[in-house]
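**Q** Work out the full structure, taking the sequences as your base and the hints as a guide.
As given, the protein sequences belong to chains A and B, one line each in that order.
Note that this note's numbering gives residue 53 to position 53 of the first sequence, counting from 1, and the numbers run on in steps of one.
Note that this note's numbering gives residue 50 to position 50 of the second sequence, counting from 1, and the numbers run on in steps of one.
It is possible that some hints are incorrect.
Listed below are the simulated DSSO-like cross-link pairs for lysine-lysine, each with C-alpha atoms no more than 27 Å apart in a straight line [as the list claims (entries may be wrong)]:
1. B:K68 / B:K112
2. B:K109 / B:K52
3. B:K109 / A:K65
4. B:K109 / A:K57
5. A:K57 / A:K71
6. A:K69 / A:K57
Bear in mind the hints are in silico, worked out from the structure with no lab data behind them.
Since we're looking at a predicted model, the values are computed, not measured.
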Amino acid sequence: EAQVTQNPRYLITVTGKKLTVTCSQNMNHEYMSWYRQDPGLGLRQIYYSMNVEVTDKGDVPEGYKVSRKEKRNFPLILESPSPNQTSLYFCASTSSLTRVSGPYEQYFGPGTRLTVT
Amino acid sequence: GDSVTQMEGPVTLSEEAFLTINCTYTATGYPSLFWYVQYPGEGLQLLLKATKADDKGSNKGFEATYRKETTSFHLEKGSVQVSDSAVYFCALSRTAYSGAGSYQLTFGKGTKLSVIP
Numbered sequence: 001e002a003q004v005t006q007n008p009r010y011l012i013t014v015t016g017k018k019l020t021v022t023c024s025q026n027m028n029h030e031y032m033s034w035y036r037q038d039p040g041l042g043l044r045q046i047y048y049s050m051n052v053e054v055t056d057k058g059d060v061p062e063g064y065k066v067s068r069k070e071k072r073n074f075p076l077i078l079e080s081p082s083p084n085q086t087s088l089y090f091c092a093s094t095s096s097l098t099r100v101s102g103p104y105e106q107y108f109g110p111g112t113r114l115t116v117t
Numbered sequence: 001g002d003s004v005t006q007m008e009g010p011v012t013l014s015e016e017a018f019l020t021i022n023c024t025y026t027a028t029g030y031p032s033l034f035w036y037v038q039y040p041g042e043g044l045q046l047l048l049k050a051t052k053a054d055d056k057g058s059n060k061g062f063e064a065t066y067r068k069e070t071t072s073f074h075l076e077k078g079s080v081q082v083s084d085s086a087v088y089f090c091a092l093s094r095t096a097y098s099g100a101g102s103y104q105l106t107f108g109k110g111t112k113l114s115v116i117p
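**A** The structure is reproduced here in C-alpha cells:
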C-alpha cells in the first residue's frame, strides 16, 4: 500500500529537549516536505527536499532542521523545542521530478501532534 | 506571491443540504488547483483536482470547476451527509516546472464543515 508514515503520532515534551519526528514514504518520490498546521493559519511549509542530500527552507524554517540521507526518509529535527512549536506536523511527498508538467499533488502522512511545555 | 483565500467557517448544514465552499486564488501563470479534506484525527487526503481552465474535478459527489476568469475553484456537493463532516482545504501548485517552487502547495486556511442529522 502506498503511504507516508510518521512517528510518533503524539509527543509531549519540555522546552529545550531535542526531538526527532520521522517520516518515511514507500512511493519512490523524490520530493518530500514538512508542514505545520495551526488554527487560523492553515498549513505552512517548514522545509522541503528535492532529492537525497538536497534540502531547502520553506516559509517557516526557524527552529527546525531536516536531513535527507535516503530517498525514503525525511526526518524533522527540533534541536531545542520551544512552546511556539506546539503544533500539528505533516510530512508529504510527491511524484517524479522528471515530469515537466503537473499536477503536483502531494500525499500526506497522518500527522504528529507535538506539545512543548 | 501565490495565495489562496477560502470562506471562513465553521459551516453547519443539515443532512441532504447543498454545500458550497468558496475558494479564490492569486498566482502567476497557470496553477493546478486542489481540494484536500481532513477528517477528525486524520491527515489530509486529496479530494479532487483540476489542472487547467474549465476543468472540472469530481470525487465522492463533490465537484469543483477551475474558473480562470474569476480565479476561483469553489467546492460543491448537492446533498451532504454526516460523514462529510471534516475540514476542507483549497490549495494550488504551479503546473509547469519552474524549479523547487513548483512543488510547494499553497493552502487556504481551511473551512470546517459540520453536518447534523
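**Q** Are the hints correct? Go through all of them and say.
**A** Now the hints, each set against the structure:
| no. | hint | verdict |
| --- | --- | --- |
| 1 | B:K68 / B:K112 | 25 Å, holds |
| 2 | B:K109 / B:K52 | 23 Å, holds |
| 3 | B:K109 / A:K65 | 25 Å, holds |
| 4 | B:K109 / A:K57 | 21 Å, holds |
| 5 | A:K57 / A:K71 | 18 Å, holds |
| 6 | A:K69 / A:K57 | 17 Å, holds |
Checked against the numbered hints above, the structure violates none of them.
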